[in-house]
Structure formats: structure tokens, C-alpha cells
Amino acid sequence: MDESGKNSQADTNVRTPLTRREFLIVGGRTAAALTAIAIGLQGDTLQSPEALRESTLIELDIFDTSKLGERLIKENFPERFSEEESLQDLGVKDASTYEGLKQGKPETEDQAKLLLLRFLELKFKDHGNNVSDVGKATEQILTGKVDSIPAIQISIVEAIEIKGLTYDELGNPILKYYISPDNINALLKNSSADLVNMSFQPGENELKYVMYEMNQKLPSSEQSFITDTKGNKIPTGEPTYYDSERNKITKEEYDRLYNEAEKKPKILLDPKARYIDYEDGYFGDRTLENVKALAEIAASNPDKIFFAAGGNPTGANEIPDITASRASLEANHLWPDNLIVVGYEYISDWVRMPASRGADIYIDGDFIKDRIHKDGSSSYATRIALEATRQNVKVGVENFTKRVKDFIKGKAINRSVGTKSGNINYEVLDFQKLTTHEK
1 MDESGKNSQA DTNVRTPLTR REFLIVGGRT AAALTAIAIG LQGDTLQSPE
51 ALRESTLIEL DIFDTSKLGE RLIKENFPER FSEEESLQDL GVKDASTYEG
101 LKQGKPETED QAKLLLLRFL ELKFKDHGNN VSDVGKATEQ ILTGKVDSIP
151 AIQISIVEAI EIKGLTYDEL GNPILKYYIS PDNINALLKN SSADLVNMSF
201 QPGENELKYV MYEMNQKLPS SEQSFITDTK GNKIPTGEPT YYDSERNKIT
251 KEEYDRLYNE AEKKPKILLD PKARYIDYED GYFGDRTLEN VKALAEIAAS
301 NPDKIFFAAG GNPTGANEIP DITASRASLE ANHLWPDNLI VVGYEYISDW
351 VRMPASRGAD IYIDGDFIKD RIHKDGSSSY ATRIALEATR QNVKVGVENF
401 TKRVKDFIKG KAINRSVGTK SGNINYEVLD FQKLTTHEK
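Counting in this note's numbering, the sequence shown runs from 1 upward without gaps.
Keep in mind the hints are simulated off the structure, nothing from the lab.
Hints should not be assumed to be uniformly reliable.
DMTMM-like, lysine to aspartate or glutamate: derived pairs with alpha carbons at most 20 Å apart [unchecked claim]: (1) Lys-176 <-> Glu-253; (2) Lys-433 <-> Glu-398; (3) Lys-176 <-> Asp-285; (4) Lys-74 <-> Glu-161; (5) Lys-163 <-> Glu-109; (6) Lys-292 <-> Asp-321; (7) Lys-123 <-> Asp-147; (8) Lys-217 <-> Glu-252; (9) Lys-105 <-> Glu-83; (10) Lys-123 <-> Glu-253; (11) Lys-123 <-> Asp-94; (12) Lys-394 <-> Asp-406; (13) Lys-402 <-> Asp-303; (14) Lys-420 <-> Asp-349; (15) Lys-93 <-> Asp-110; (16) Lys-125 <-> Glu-158; (17) Lys-405 <-> Asp-337; (18) Lys-263 <-> Glu-253; (19) Lys-145 <-> Glu-158; (20) Lys-93 <-> Glu-83; (21) Lys-217 <-> Glu-253; (22) Lys-217 <-> Glu-161; (23) Lys-93 <-> Glu-107; (24) Lys-264 <-> Glu-107; (25) Lys-411 <-> Glu-139; (26) Lys-266 <-> Asp-337.
With beta-carbon atoms standing in for the labels, derived distance ranges [unchecked claim]: (27) Asp-337 <-> Tyr-275: 36 to 42 Å; (28) Thr-240 <-> Asp-168: 33 to 39 Å; (29) Gly-231 <-> Glu-289: 51 to 57 Å; (30) Asn-392 <-> Glu-289: 30 to 36 Å; (31) Ser-300 <-> Ser-416: 32 to 38 Å; (32) Glu-253 <-> Gln-88: 38 to 44 Å; (33) Lys-433 <-> Lys-93: 51 to 57 Å; (34) Glu-330 <-> Tyr-275: 21 to 27 Å.
Each residue gets a CB set at the ideal place from its N, CA and C atoms; glycine is no exception.
Construct the entire structure; sequences and hints are all you get.
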């Protein structure tokens with residue numbers, strides 16, 4: 001105070017110090033009050049800071065395919081093997097393109113193996129980068145920006161092994177390769193990421209170089225018939241004979257062409273007509289073992305949620321189907337809760353249907369084509385489903401796996417399509433139910 005007995009300006013900020021005990025009491029009451037206010041404002045949505053953490057992501061894929069080719073050639077050929085000389089012997093001048101490699105006509109197993117190794121390298125070229133770009137494109141669509149925690153990219157190049165070379169009945173070479181689950185687990189061992197994108201199929205896979213096909217240049221004959229009163233068909237007139245181009249020919253020409261065709265049951269395709277036939281890892285006899293390998297990888301890493309590709313139709317439109325294999329594993333309690341299999345929709349014979357069977361969720365093929373600007377693929381669908389989840393479900397003290405599955409279930413629409421073998425019921429992620437930047 002000043003001499004007049006009034007508080008001076010300097011005195012107005014003077015406060016009596018609190019004892020330590022008083023400080024703790026006041027502090028505790030303040031914290032409790034703030035908590036009560038927060039609860040009143042947020043109700044059941046109140047989360048701890050941990051619950052709002054953005055999930056971390058591993059993109060487990062094939063990056064840097066040049067290293068893949070170098071390693072596989074080193075492991076599968078003699079020390080003094082010359083790739084350049086072998087390619088020259090094959091007639092291949094440009095091994096960097098499919099068209100260049102298709103000039104090759106392998107005569108030996110080593111030549112066939114080399115050619116297929118290079119086809120394998122081309123098949124996976126930029127695969128990991130393309131899948132990663134799909135994730136960024138999806139984030140841009142959903143949020144209008146790309147600023148999430150960057151994905152950790154781990155290459156599976158070291159997990160790919162060559163298991164041998166076989167031939168089909170026409171002499172087309174088939175390369176068997178294997179993606180080792182043990183090596184995949186080793187790559188994941190020291191990672192603490194929450195989500196894993198697996199746009200590939202572990203286990204055994206095949207790649208076939210189709211350069212021979214059945215000789216289709218067979219002549220044909222047509223015979224007219226009449227039906228008698230007892231229902232018997234009786235030939236009338238002489239047969240008409242045609243060559244493979246439907247030109248009329250004589251009986252003698254027909255016999256000659258037929259004999260020639262029988263002596264030459266297969267034909268060598270022109271290089272431009274040759275192609276690579278990739279048989280999906282979830283099709284045929286190896287499906288169960290490969291699906292089991294996938295399940296074992298997820299089960300070995302229970303702290304992570306795996307989004308895995310469900311497969312693609314092959315050139316012969318053979319549909320990969322894990323339904324029975326999955327049911328078998330589930331019946332024996334071998335299907336892990338932290339595994340989500342993703343497929344996509346496509347158009348087959350003018351009908352929209354899933355391009356694989358047995359997946360948990362599917363992505364609309366039109367979304368992949370029109371919004372992501374990519375061809376339909378379970379590799380891309382997997383990354384899309386993961387990114388949609390990542391942008392909408394944060395990591396917290398609650399059961400993250402359950403919340404992820406609840407999110408996918410809640411944002412899915414049920415679809416059904418009739419086939420010769422019955423109805424197929426499946427669920428498609430509905431991007432209309434998601435908060436999207438692009439409308």
C-alpha cells in the first residue's frame with residue numbers, strides 16, 4: 001500500500017504462495033474439473049491421446065526388380081554363365097521389353113529358364129511403386145491432400161526363390177517360383193508398424209511362356225441327314241469338305257490335309273502372337289498351401305493387421321477361389337483375426353462380379369479405372385482398401401483390429417450375382433459412405 005492506504009499498481013499482482021500440499025490439492029481439483037467438462041462435451045467419444053494416433057504402414061512388395069534378376073541369375077546359372085551370349089543365341093536383341101523377349105525360342109532348359117526369369121523381372125517391374133502410388137491417389141481422393149505418415153517400403157526380393165522348370169504337353173516352358181513365408185516373417189521381425197499391405201501371394205506361383213498352340217488348321221466335313229419315321233438319322237447325299245478357312249475342297253484334299261495336321265499336332269506361334277500366362281497362386285491344387293502360408297504370416301505377427309490381395313483371373317479366365325481353403329483353416333482355428341483379404345469387381349460376359357472368391361471386401365473396378373486410373377487388379381484393390389481404413393480408423397487403446405473390421409463392415413454394401421453354380425454374395429466398399437474430397 002502507499003501512504004494513503006490504497007493499493008498501488010505494483011501491489012495488485014502480489015499473491016500469497018501456495019504450500020506444496022495446497023498446490024497438489026488445487027491441481028487435482030482443476031484436472032478433475034477439466035476432465036468433467038471434457039466428458040460433458042464429448043460424451044462416449046472421449047479418447048486418450050493414444051486413440052487419435054495415425055496408424056503406421058508397411059508396403060511389403062517388390063521394389064528394385066533389377067536386384068531380383070541379378071540375384072536369380074547368379075543363383076541359378078554357373079559362375080561363368082554369359083547372359084548376353086545366351087540371349088543372342090535365343091535371338092533376343094532387346095531384353096528390356098516383352099516384345100523383345102518374345103523373339104526368343106528356347107531350345108534348352110537353361111535358355112528357357114533365362115527367358116522366363118527375364119519375363120518374371122518385367123512382370124514385377126515397378127509393381128511396388130505402382131501399388132504405392134495407388135495408396136497416395138486414394139488418400140488424395142479421400143482427404144484432398146497427401147500428408148499422412150509415409151509408408152515404410154520393404155522389398156521382398158530376397159524372399160523369391162526359383163523352384164524349377166517344367167513343360168506343358170505342347171512343350172511350353174513353365175517357371176515355378178516361390179515366395180517364402182519364412183523370409184517374409186524375417187523381414188517383418190523388427191517392425192512395429194500397425195498395418196501391412198501385401199499385394200502379392202506367398203507360396204508357389206507359375207509363369208508360362210506360350211509359344212506353341214494346338215494345330216487348329218484341321219479340315220472339316222459336313223453331312224446332311226434325314227430322319228425316318230423311327231427317329232433314326234440317315235445320311236443323304238455326299239459329304240461336303242472344307243479346309244481350315246472354310247474353302248470347299250475334295251475328299252482327296254481333305255484326307256491329305258488331315259494326315260498332315262495329325263503329323264504336326266502343334267504349331268509355333270509368330271513372336272507377336274506369343275504371350276505370358278501367369279497362373280494365379282490361389283488357383284488349382286496349390287491354393288490350400290498358399291492360403292495357409294498367408295494365414296501363417298499374419299498369425300506370426302499378431303501386432304499388425306494385414307491387407308492381402310485375393311488374386312486375379314488368369315488368361316483363360318480361371319477365377320482364383322480361396323473359399324474352401326479358408327473354410328478349412330477357420331474350422332481348425334488356423335485363420336487369424338488380423339488378416340483381411342481384398343478383391344475387386346470386374347465385368348465378365350457383360351456381368352459384374354467379383355474377380356476372385358473368398359475375400360472379405362471388394363473394390364469396385366470402376367473406381368479403380370475411373371478414379372485411380374489403373375486397370376483392375378487385386379494388388380491395387382488391396383492398397384485402396386487399406387488406405388480407406390487408414391484415413392478413417394486411428395490407433396488407440398481400444399481393440400484396433402475390431403475397429404478396423406467394424407469400419408469395413410459398416411462402409412460396405414451387399415451385392416449378389418447369379419451364376420451357373422448359384423448365387424455369389426459379396427461386399428463392396430462403398431466410397432459414397434466415406435468422407436471424400438472429390439465428389
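Here is what the structure says about each hint:
1. Lys-176 <-> Glu-253: This hinted pair is violated, its Cα atoms lying about 44 Å apart.
2. Lys-433 <-> Glu-398: violated, 23 Å
3. Lys-176 <-> Asp-285: Holds, because 14 Å separates the two Cα atoms, which is no more than 20 Å.
4. Lys-74 <-> Glu-161: holds, 12 Å
5. Lys-163 <-> Glu-109: holds, 14 Å
6. Lys-292 <-> Asp-321: Holds: Lys-292 and Asp-321 sit about 13 Å apart, inside 20 Å.
7. Lys-123 <-> Asp-147: violated, 30 Å
8. Lys-217 <-> Glu-252: holds, 16 Å
9. Lys-105 <-> Glu-83: Distance of about 15 Å is within 20 Å: holds.
10. Lys-123 <-> Glu-253: violated, 45 Å
11. Lys-123 <-> Asp-94: holds, 16 Å
12. Lys-394 <-> Asp-406: Roughly 13 Å separates the two Cα atoms, so the pair holds.
13. Lys-402 <-> Asp-303: At roughly 13 Å apart (the allowed maximum being 20 Å), Asp-303 and Lys-402 satisfy the hint.
14. Lys-420 <-> Asp-349: Roughly 13 Å between the alpha carbons, so the hint for Lys-420 and Asp-349 holds.
15. Lys-93 <-> Asp-110: The given pair, whose Cα atoms are some 18 Å apart, holds under the 20 Å limit.
16. Lys-125 <-> Glu-158: Cα-Cα ~15 Å, so holds.
17. Lys-405 <-> Asp-337: holds, 9 Å
18. Lys-263 <-> Glu-253: Status holds; Cα separation ~16 Å.
19. Lys-145 <-> Glu-158: With Cα atoms ~34 Å apart, Lys-145 and Glu-158 exceed 20 Å; violated.
20. Lys-93 <-> Glu-83: Holds, because 12 Å separates the two Cα atoms, which is no more than 20 Å.
21. Lys-217 <-> Glu-253: Holds, because 13 Å separates the two Cα atoms, which is no more than 20 Å.
22. Lys-217 <-> Glu-161: Given pair Lys-217, Glu-161 is violated - Cα atoms ~40 Å apart, limit 20 Å.
23. Lys-93 <-> Glu-107: Holds, at roughly 17 Å.
24. Lys-264 <-> Glu-107: holds, 18 Å
25. Lys-411 <-> Glu-139: holds, 17 Å
26. Lys-266 <-> Asp-337: It is violated: about 49 Å lies between the C-alpha atoms, which goes past 20 Å.
27. Asp-337 <-> Tyr-275: 36 to 42 Å: holds, 40 Å
28. Thr-240 <-> Asp-168: 33 to 39 Å: holds, 35 Å
29. Gly-231 <-> Glu-289: 51 to 57 Å: About 53 Å separates the Cβ atoms of Gly-231 and Glu-289, which means 51 to 57 Å holds.
30. Asn-392 <-> Glu-289: 30 to 36 Å: At 35 Å between Cβs, range holds.
31. Ser-300 <-> Ser-416: 32 to 38 Å: holds, 35 Å
32. Glu-253 <-> Gln-88: 38 to 44 Å: holds, 42 Å
33. Lys-433 <-> Lys-93: 51 to 57 Å: holds, 53 Å
34. Glu-330 <-> Tyr-275: 21 to 27 Å: violated, 37 Å
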